[in-house]
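Engineer: In the order they appear, the protein sequences are chains A and B.
Okay, so the first sequence: first residue is 249 according to the working numbering, each after it adds one.
Okay, so the second sequence: first residue is 745 according to the working numbering, each after it adds one.
Just so you know, these hints were derived from the structure itself, not from any lab.
In this text, a Cβ means the ideal position worked out from N, Cα and C, and glycines have one as well.
Check before you lean on any hint, since a few could be wrong.
Partial list, computed: chain B residues near chain A (C-beta under 8 Å) [claimed, not checked]:
1) Gly-856
2) Ala-950
3) Gly-1019
4) Leu-1020
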Amino acid sequence: MKLELTGVAARHPAARPGAAPALHPLTLRVAAGEHVAVIGPSGAGKTTLLQVLACTLPLLQGTLQLGGVSPWRLPKRELQALRGRLFLAPQVPPLPPRQRVVTSVLAGRLPAMGLWESLASLFKPREIPAAYEALRRFDLEDKLFERADRLSGGERQRVGLARALLAPARLWLIDEPLSALDPTRSAQAISTLVDEARARGVTLVATLHQVDTALAHFPRIVGLRDGALAFDLPAAEVSRERLQGLYAQHEEELHGPAPTAEPALNDNPAAPQPAVMHCR
Amino acid sequence: MNSAATRPELRDPAWLGRVFWLLAALVLLWPLTVATEFRPWVLLEPANLRISGRFIGSFFPPVLNGEFLAMVLRETWRTVAIATAGITLALVIAVPMALLSVRVLSISALPGRMARGPFWCRQVVRWTLMVLRSVPELVWALVFVRVVGLGPTAGVLAIALTYGGMLGKVYAEILESGETQPTETLLRNGSGRLQAFFYGLLPQNAAELSSYTVYRWECAIRSSVVLGFVGAGGLGQQLDVSMKMFNGGEVATMLLVFIALVALADRVSAGLRRGLG
């Protein structure tokens, strides 16, 4: 899906009326099937940009075109159908605590399912093989029938990403996919996303805190700072100086570990050790 | 004198405020006790003690003969049926209304503010629920006894209307108070409202919803007693008859049945919470 933002400004819905917009007039074009990483310090407007692209945040000014149509001019029903053709993965994985992993992953398919089909799938999951395959790409196939609240933070995040593989979407908007993952899992998760997006011809826009990962896996890097475009370059042309400028006064984010929305857990399952181990 | 009173740095600064608010509460409560003619010591006067002693003494022994027990069993079944049918009908009212009034399931509210049409639709649903539950079930029962005649139907309809209003309001509040991010994400990714409810909101709140429903079923059993007093059938009607004939033993037996029913509801609710929680 082709993306065109022209002079877009947007403000987070929770912001106070007088507050400065999280995005200043921003112009950006992304061709269909292109992969773009959005980097920048905390509060640069990365998440707001994804929400604008996901048609959940109305624009203060400017125009947004997704695949050649203006979403906010569409009737309500068609707008919701358009939202079904794009997939926004929030930074905190959206998993209800008591839901099983298979149901959470298959929820990505909901826009393509009728109401009765989705109800029947609650009783007996449809497309179990597809859910298994998606989880296998993230090394989670053994968690298929596990409950979501029995997973570790890293596992939950990867389940949230596996949902993308089930979604009938032509545009993936992935917010901080690696915030709870260790370096090995991060590399595996991001290459899975990139490979799958390429195989399906899906447009991929991901925000990332890990600059090195972004440079290694994405051909095009967009740097955001204070809601404005700092640079928009091929990965090879992003120099140290540019990064230093982008993260000035935020150097710890450039070098240190990424700030996380939830504590980065190691990938051990949350289940407690058997009591006998301690009581002997 | 202890040292706390003599050394100012050891004096609790909050203590004086607590004494003040305690006294203020007593002063405010006094007019209320006058308004309600609250004089509990009347209970302890010898003449009154004799009367209540005789009434409670007549509870023993509970009547346990076969014929009476068979009747109690039949009426217990009818009471459970009234409560269950009433709650089921109440669910028919409450579930769609709760779904209509929950803000989380609004697609138009996703970008920030809800559109005007959906907003007023939600307000109207909320007002309807408020009217339904602000009329006590006793009043509904008196109305329906006149329409459909004496019998359980009036009780069922009365419970359905009042409890429909209560369940709808509380369901909506439970659904809004929990974590809503999974539901919002589903809506943002293009799911329908009911799909988002079944895949996001319901698994999030299932334990709370079911245990509240069981608690309301328990309340419905109790209020079917009160409704029985105005002729809406069930155990309550028999309790009324026994009371009027000063047959304490029969009253005691029926009260024991109520205790058993409430205990049963308690176990079911605990089991559901464990199963779904």
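Engineer: Determine for every hint whether it applies to the structure shown.
Structural biologist: Structure-based check of all given hints:
no., hint, in the structure
1, Gly-856, "holds, 4 Å"
2, Ala-950, "holds, 6 Å"
3, Gly-1019, "violated, 10 Å"
4, Leu-1020, "holds, 7 Å"
The structure does not agree with numbered hint 3 stated previously, though it agrees with all others.
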